Each structure stands twice: as structure tokens, then as C-alpha cells.
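As you go down the protein sequences, you meet chains A and B in turn.
Residues in the first sequence are numbered consecutively from 1, following our numbering.
Residues in the second sequence are numbered consecutively from 1, following our numbering.
Certain hints may be false.
[Claimed, not checked] Label pairs and their in silico Cβ distance ranges:
| # | chain 1 | residue 1 | chain 2 | residue 2 | range |
| --- | --- | --- | --- | --- | --- |
| 1 | A | D135 | B | E68 | 40 to 48 angstroms |
| 2 | B | G131 | A | D698 | 27 to 35 angstroms |
| 3 | A | D30 | B | R116 | 35 to 43 angstroms |
| 4 | B | P19 | A | E137 | 38 to 46 angstroms |
| 5 | B | P118 | A | R781 | 42 to 50 angstroms |
| 6 | A | D699 | B | R20 | 34 to 42 angstroms |
If you are wondering where the hints come from, they were derived from the structure by calculation, not from laboratory data.
These numbers come from a predicted model, not from an experiment.
Ideal Cβ positions, reconstructed from N, Cα and C, are used throughout, including at glycine.
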Amino acid sequence: MATDGIGASVRRKEDRRFITGRGRYTDDIDRPGQAYAYFIRSPHAHARIVGIDKSQAEAAPGVLAVLDGDDVKAAGWGGLICGWMVKSRDGSDMKAGPHPLLAQGKVRYVGDHVACVVAASYNEARDAAELVEVDYEELPACASTAHARDRGQAQVHDDIPGNTVYEWELGDLAAVDQAIARAAHVTRIDLVNNRLVPNAIEPRAAIGEYDPGNEAFTLYTTSQNPHVARLVISAFIGVAPEHKLHVIAPDVGGGFGSKIFIYAEECVCLLAARKVGLPVKWTAERSESFLSDAHGRDHVTHAELALDADGNFTALKVHTTANMGAYLSTFASCVPTYLYGTLLAGQYKTPAIYCAVDAVYTNTTPVDAYRGAGRPEATYLLETIVETAARETGRDPAELRRKNFIPADAFPYQTPVALMYDTGNYQASLDEALRLADYKSFAQRRAASEATGKLRGVGFSCYIEACGIAPSAVVGSLGCGVGLWESAKVRFSHTGTVQVLTGTHTHGQGHETTFAQLIAEKLGVPIDKVEVIHGDTEKTPVGMGTYGSRSIAVGGQAIVNACDKIIEKGKKIAAHLLEASEGDIEFKDGSFAVTGTDRAKSIGEVVFAAYVPHNYPAGLEPGMEETAFYDPANFTYPAGCYICEVEVEPDTGIVEIDRFVAVDDFGKVINPMIVEGQVHGGLAQGIGQALTEGCVYDDNGQLLSASYMDYGMPKAGDVPSFQVALTETPCTHNTLGVKGCGEAGAIGAPPAVMNAITDAIGVRIDMPATPEKVWRALQDRPMARAAE
Amino acid sequence: MASVSMTVNGQAVTRDVEPRTLLVEFLRQHLDLTGTHVGCDTSQCGACVIHINGDSVKSCTMLAVQAEGAQITTIEGLAKNGELHPMQAAFREHHGLQCGFCTPGMIMSAIDLVKRNPSPSETEIREWLEGNLCRCTGYHNIVKAIQAAAADMRS
Numbered sequence: 001m002a003t004d005g006i007g008a009s010v011r012r013k014e015d016r017r018f019i020t021g022r023g024r025y026t027d028d029i030d031r032p033g034q035a036y037a038y039f040i041r042s043p044h045a046h047a048r049i050v051g052i053d054k055s056q057a058e059a060a061p062g063v064l065a066v067l068d069g070d071d072v073k074a075a076g077w078g079g080l081i082c083g084w085m086v087k088s089r090d091g092s093d094m095k096a097g098p099h100p101l102l103a104q105g106k107v108r109y110v111g112d113h114v115a116c117v118v119a120a121s122y123n124e125a126r127d128a129a130e131l132v133e134v135d136y137e138e139l140p141a142c143a144s145t146a147h148a149r150d151r152g153q154a155q156v157h158d159d160i161p162g163n164t165v166y167e168w169e170l171g172d173l174a175a176v177d178q179a180i181a182r183a184a185h186v187t188r189i190d191l192v193n194n195r196l197v198p199n200a201i202e203p204r205a206a207i208g209e210y211d212p213g214n215e216a217f218t219l220y221t222t223s224q225n226p227h228v229a230r231l232v233i234s235a236f237i238g239v240a241p242e243h244k245l246h247v248i249a250p251d252v253g254g255g256f257g258s259k260i261f262i263y264a265e266e267c268v269c270l271l272a273a274r275k276v277g278l279p280v281k282w283t284a285e286r287s288e289s290f291l292s293d294a295h296g297r298d299h300v301t302h303a304e305l306a307l308d309a310d311g312n313f314t315a316l317k318v319h320t321t322a323n324m325g326a327y328l329s330t331f332a333s334c335v336p337t338y339l340y341g342t343l344l345a346g347q348y349k350t351p352a353i354y355c356a357v358d359a360v361y362t363n364t365t366p367v368d369a370y371r372g373a374g375r376p377e378a379t380y381l382l383e384t385i386v387e388t389a390a391r392e393t394g395r396d397p398a399e400l401r402r403k404n405f406i407p408a409d410a411f412p413y414q415t416p417v418a419l420m421y422d423t424g425n426y427q428a429s430l431d432e433a434l435r436l437a438d439y440k441s442f443a444q445r446r447a448a449s450e451a452t453g454k455l456r457g458v459g460f461s462c463y464i465e466a467c468g469i470a471p472s473a474v475v476g477s478l479g480c481g482v483g484l485w486e487s488a489k490v491r492f493s494h495t496g497t498v499q500v501l502t503g504t505h506t507h508g509q510g511h512e513t514t515f516a517q518l519i520a521e522k523l524g525v526p527i528d529k530v531e532v533i534h535g536d537t538e539k540t541p542v543g544m545g546t547y548g549s550r551s552i553a554v555g556g557q558a559i560v561n562a563c564d565k566i567i568e569k570g571k572k573i574a575a576h577l578l579e580a581s582e583g584d585i586e587f588k589d590g591s592f593a594v595t596g597t598d599r600a601k602s603i604g605e606v607v608f609a610a611y612v613p614h615n616y617p618a619g620l621e622p623g624m625e626e627t628a629f630y631d632p633a634n635f636t637y638p639a640g641c642y643i644c645e646v647e648v649e650p651d652t653g654i655v656e657i658d659r660f661v662a663v664d665d666f667g668k669v670i671n672p673m674i675v676e677g678q679v680h681g682g683l684a685q686g687i688g689q690a691l692t693e694g695c696v697y698d699d700n701g702q703l704l705s706a707s708y709m710d711y712g713m714p715k716a717g718d719v720p721s722f723q724v725a726l727t728e729t730p731c732t733h734n735t736l737g738v739k740g741c742g743e744a745g746a747i748g749a750p751p752a753v754m755n756a757i758t759d760a761i762g763v764r765i766d767m768p769a770t771p772e773k774v775w776r777a778l779q780d781r782p783m784a785r786a787a788e
Numbered sequence: 001m002a003s004v005s006m007t008v009n010g011q012a013v014t015r016d017v018e019p020r021t022l023l024v025e026f027l028r029q030h031l032d033l034t035g036t037h038v039g040c041d042t043s044q045c046g047a048c049v050i051h052i053n054g055d056s057v058k059s060c061t062m063l064a065v066q067a068e069g070a071q072i073t074t075i076e077g078l079a080k081n082g083e084l085h086p087m088q089a090a091f092r093e094h095h096g097l098q099c100g101f102c103t104p105g106m107i108m109s110a111i112d113l114v115k116r117n118p119s120p121s122e123t124e125i126r127e128w129l130e131g132n133l134c135r136c137t138g139y140h141n142i143v144k145a146i147q148a149a150a151a152d153m154r155s
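Take the sequences, apply the hints, and build the full model.
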């Protein structure tokens, strides 16, 4: 067996360039003669543009052009789109307001893109931007998720009444209402899922280039999915036919969802490049990132969980208002619906579930998928209401969950909210987490904390997610405008080295290593002879990119399927060289052997014969290069149990995480070191959501938390070291048995932390649990703990 | 324009720059040393940390002209004759990086920590990294890498 194959924590192939400063991110690239773009953004959340006077700026030193909405219109280019049609319960289509590349008469959020100055240097562009006079007539703004549909609220889009994008529902309302009416106990909660800024440390950037001789564009961009960018920019914005648009996403410094989407700035750089006849580069300042990267979460929810007298969940009823911001971003509509409502069964056999989601426009930055996308919101809701129910009915939260788990022998399991879980073992991950967290000794630790004047609490989160996105026919039936298969090409050279060309994109996930390990495992080629190539529409086969923890479960399986084709062809060649029949050839550990003999040809010899076919099977094509496209049969369902223990300092409200145990079932794991790293990062983002992060808009729609001085990015001192472990039920519908691991931490962590805080302080508060909020909650209930 | 001279990764350099040029812009745009990154505009993220006369400094917080005559080391200058600095090697060995964008600043900052405190505790490492943001790793493996590098550098 290959020592660098599946299951080996091999060190990452890509690291050398990053630790020596040789990474090549978009802003590191300079094109010959390049000019620079600077965007003028709306300072108002809602305003009419009375006029734009560009004359002074156009005359400023170094300025090559000043573009506004009229230039976009004159070019005949369209606006940004949302690629997932969600219908309201009455069957009507969602209401998508126009989303122009540069404002057309109106701005709808602080940061909205109004105009673009292009100059020979960045400083000249920025200086000249000060000279562009935009005359705004300020309008009342709507900045509240909960009140966006209230009568008298400002209308974000004039022709979309009540700021309502859609009113979506899923599940059997009558059955749920009946169960609630008959319930022995109903737990009711209201909660807010706080709005977050993704904050990849690399700001977005783009370089647009135009070749008038070939009427072709090149776009360097910070994208998680360059082919999707090409498709949308070509087919919907109308920039150029797809074969005349080359998109390159080089090293990308983190994405977390925010770099899936197609943004105005990259399109405007293309327009500017054609206009000024030079490459045009734009790099976001962090303040721009806060204002213009699509945000995440932002739900307001009321939910009811019905239990019978034995503590069995009998129904769950959910009503959520989801903030979409001022425009529908690329995949915004599916996040609070098909990635949220469908996850509300969680790990439980709740027989009746109903979910209604009202999506609303507000005068705020667009909201779209952020690590987990809908599934963190579902998990936070479900795991909070379950823990609340345990508290209200006097049951141990672990045992109430265990009682309601879908049993390990019940798979495949059809939930009442559309999904069919293929496999899982929730008891196993709970048991392992309880053991690692030393739950049975919690009471002693709590007593010890109380002896020192501190409050200790423990919180659980048993999450499930649907990832490996996605079966094309399923998502198509739900309104998705594209297929979500993935592609791979495996190409040998004469000398036996391998290039893997993948349609996924790596921006921290370590594909260059993990995918090489698949080649080592399947073809017996050591990973130092394998190069993984991604992120360039002219190199890789058409692919759908990286998000939704899909790269291994969909992209990895495509690579394996291409390897299978290589082996199939190799057997024909080996049979010829060994003068045996093809059916007698076995491939193992990089060698084609005649079964039951010591006669064999190495894969290197077979590949050489394929490229130098002097002695070769008649009629067989030369060469050794195979492509596979893989469309999964189902989603994958990673699941796990997280336990968090906190200590709260009552005098200050400071929450310290004493221990955090994460037990995940990702199915088969290719590189445990990389998988653990993915969990760590997700946990920190989830803990950030719970303790430190949150967007704050004032009533006028000004984003008050728009810098690292104002937004609580988790720092090294805010998070603990983590205890992570794996359980394993292999996925049943891909041959690798893999499920994906990228989002789990961010999905599972927030309720574990918040449930622990509730347990410690005796009252439930909304995220983020800042010291001030915790302290105030304690002041409101000073005797709560003492009275117990 | 102002003339500025300094020694960067052992090489003397002189360039004419706009007086408002930040040191990080000077390194990235005038010297093409793009390993030093810019992740924010408020001197919080630490992606731009370099060494000036041996001390870690955020190169976005000073002007190039303020580094006149200084000895500068960037991430590109750490490895000697192709051999990684122990901190670089530890980040790789302990998976202390994912997307790699914060990594140069993290490594440069961590080297200064270990210079000042050859045996930092986990708490001391976490406190020291207050000025370096990472969104990928959750810091867990960065802390491990720095502890391992410190041990390696002591021996």
C-alpha cells in the first residue's frame, strides 16, 4: 500500500511556496502597463443619485477614465444575477431587484458601487476619486431584518412591495399544528442568528485585460470557482462569449464562501481595460471588504418544539425572517431555504417539521453563503431549542438527544424535510465526545469553579450537514440554475509523472496534497511525481469550483473515476505487452500483473508504451490521459457531536472556554492532518460567531463594525486548543466513502458555546456573548445561580 | 520624489519613491518582494510583519523613508541556501498554515517572539499573536508550530 496514499497525514506539497513568500496571489501579479481602479462607493444606505460630475476627476493627473452607470449601459452589459430560483408558497417567483454593476440612479447600501476611477497609479486613482462629485438625495433606509416587512418601512426596490423577496415553506403545517396541540410540552424560543463578515485575510482583487486583436478578455480574480465566474460574466453580464473570456484564479487567500460570488468590481475592471486599452487592477482595501464582500447569516427566528410525556420530539415549527441585504447575491436565495429548512431534522427522528422563511430586502450589504451557509443557522436553532427543552423538562441534554436520535440501524433515513440521509451513527459520536470531555466529572468541576467564584457550564451540539454539493437533478428541481457535478483530468507524461487537472479550487484546503494522495493510492505514483492544477479556465476541464464541502466528495470522486479509466486502458496495454488476456490482468500498487504469476509491468512501463506505441495493441488509442465528470447520487451527511465547557467570570462577564471537544464523522478521511486543520478553522469561526463577531448597523444603515478595530475577529487568545476526534460511517454512494469536512466546525460550534454559557449563567442571550452582554444578563438575574 | 536606501535581505537597495509610500508598498511594488502581504488598512492583521534591525514591525505602519539605512528582512530572506528557517519548517511540519496569506507575517512575528522568549508557553504565544490574524487555522496548529520551532531553535 502506498505510504503517501489514503489515510496518511503527509505534509502539504503546497506549503513550500507559502512559507518562503513565493505564493502568487492576485495582488502579487502585475501586468505590463497596468492601470489601477478605485471605486467610489455610496456613503448612504439609500439615496437617489441626482447627478455625477466627473469633469474634475477626468482632468486630474494620471487619470485615464472615470466610469459610471452610463458607461455600463452604453456597453450593453447586464447586471449581476442570482442563480437560484426560489418560489413562494403561492407558486410565484422570487422578486429579484436589478443589481447593476455601477449604480443606475439609486444606491441601496453603504458601499454600493457608484463609479470607478482608472489611473496610471493607484494613488492617482484614489486622489482623483475625491474629485468625483456625486449629488445624492438621501432617502429613508430600512436596516432591520425583523422590521423590513413592516408597514411604512422604506422600500429598497420600488417595485418589490413589502421588501419581500419570497415567502417560502417546507413541510406539513397541518401535521405540525396537530402535534403541537397534543403535546405534553412545547418549548418556544425566539433567536437571532447574528450577521457576520467572512473576512478572508486576502482582500478581493481583480485584474481585467482586453486583447483587441482577438476581442478576448482575461480576468485574474480571487475566485473559488473560476469557471462559474466565466459562465456568469459571459452568459449573464454579456461581456464576451465564453471562449473569449479566460478566467484565472491563482493562489487565493481564503474564501469561506465570500469568493464564490460574482461581484461588480471584477466586471468593471474588464470594461475599464477595454476602454483604456491597458490591463486594469483593483485590490480591495479592508474597509471595502467589510462593505462589499457578501455577508453571512442574519436570521430572526421563532420556533416551537413539541414533546410527548416521554420526551420524544413530536413536531418542530419554525418561522424565520432572512435578510438578503439590498440585492440578491449569486446564490443568496438558496441559503435560508434549501440549505436551511431541509436541515431542520438534524440528527433526530422528529416526525413532523414545518418551516416558513420570509426573505427580505434591507439597505445593507448583500448576504450570501458563508462557511456552512444555512446549515449553521439550522443547527444553531435546533440545538438551542433541544437544549432549552431539556432544561425545561428537567432532562439531561445528552440523554434527551440520545432518546431522539435516528438509530444507527435506521439508515437510509428519509427525513420529513426532503433529505435522505444515507448513513450515520450519532450515538457513537455522542459517546466519544462524552468520554473525551469527561462529562461524568462535570459536576465536580462546576463545584470547583464555584468555589473560586466562577460559573461553569457545559453545552452540546449534535449537528448534521448536507454537503458534497450536489446531485444536479435534485438541485435543478429545486431551482438551481446550474449542475453541480465536478470534473477531473488525469494526465501522464512519457516519464510517468502525473498532472491532475481539477475543476475545484484550493484556497487553503490542501487539494494539491490530498488529490495527489488519491493518485498515490489509486495508481501507485508517489505524490512528489504528481502536480495538481486548478484555477485556470484554459487549463482545467470545465468545473464548478469549491464550496459546500464538495471538493473531495465530488471533485475527489471525479479524480478516482478518471484513475479507473487509466487502469482500464492500462490493462489492455499490459495484456498486450505480457501476452496475456486482459481479463487476467490485475492492477495493484502501481503494477499490472498476470494473476497468479510474477509476470508484471509497472505503470511507468505501461504509460511509456502508451506514448511510444511501437509494440501496442491494434486499434487502441495511444496516450494516457483520461477525463471524468462525476455527478453525485445524493448529498453527503457529515455529522458529529461537539461539547464545550466554559467558565464565566461574573464580575466581568468574560467567558473562557475551558475545553472544546469535537467528534466528527466525515466518513473515510484522506489526510487526517488536513482534516483536523479544517475542523480547527471552522471551530474558530463558530466560536467567533458565538463570542466576538457581529455586524452592527445603525438605524440609518451605516455599518458601524467596518474595520478590524470595530469587528470582533477572533484572535489567538480568544480561542482554546481543541480536542478533535473522528468516528467513521463511510458514505454509501461514492467509492471513496468520503463526506467532506470544510464547514463542520463553523456549523457545530456556535450552539455548543452558547448552550454552555446558558448553562453557566442560567439565562439565554443572543450571539455574540460579549462580556458586556453576559455581565448585563447576570445583573438581571443576580440570584439565579444562588437559588439553585 | 524622495530617495531612500536600505539593506533588504542582505542586499543594498536605493530607489526614488513618493514620500507617502508605505514601507510595505516599497517592498511589494518597488522591490517585487510580494511575500509580504497586506490584509487590512488599520494595522491589525499582521500579514505585513517584517524584521527591521531584527525586530518585528508591521510594514504598513511606517513610510519607506522612515526605514532609511535600516537592515530589513522579509519572508523571502529567511531561508539560507535553500534551507528553511526552523520556524518555516515547523509551520509546514505542524500544518500551521492553510491559505498561506497570513503565514509570512505569522512566521516573522513568531521568530521575534522566540528571540525575546526562547521558551514561550501556550498562553504567551497566544498573547504575542494578538497582532496577527488568521482566518483559516483557528490558531491551534500555529501555536503548536511555534512551540516546536522554539524547542528546535533552543537546541
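Looking back at the hints listed earlier, which ones does the structure fail to meet?
none
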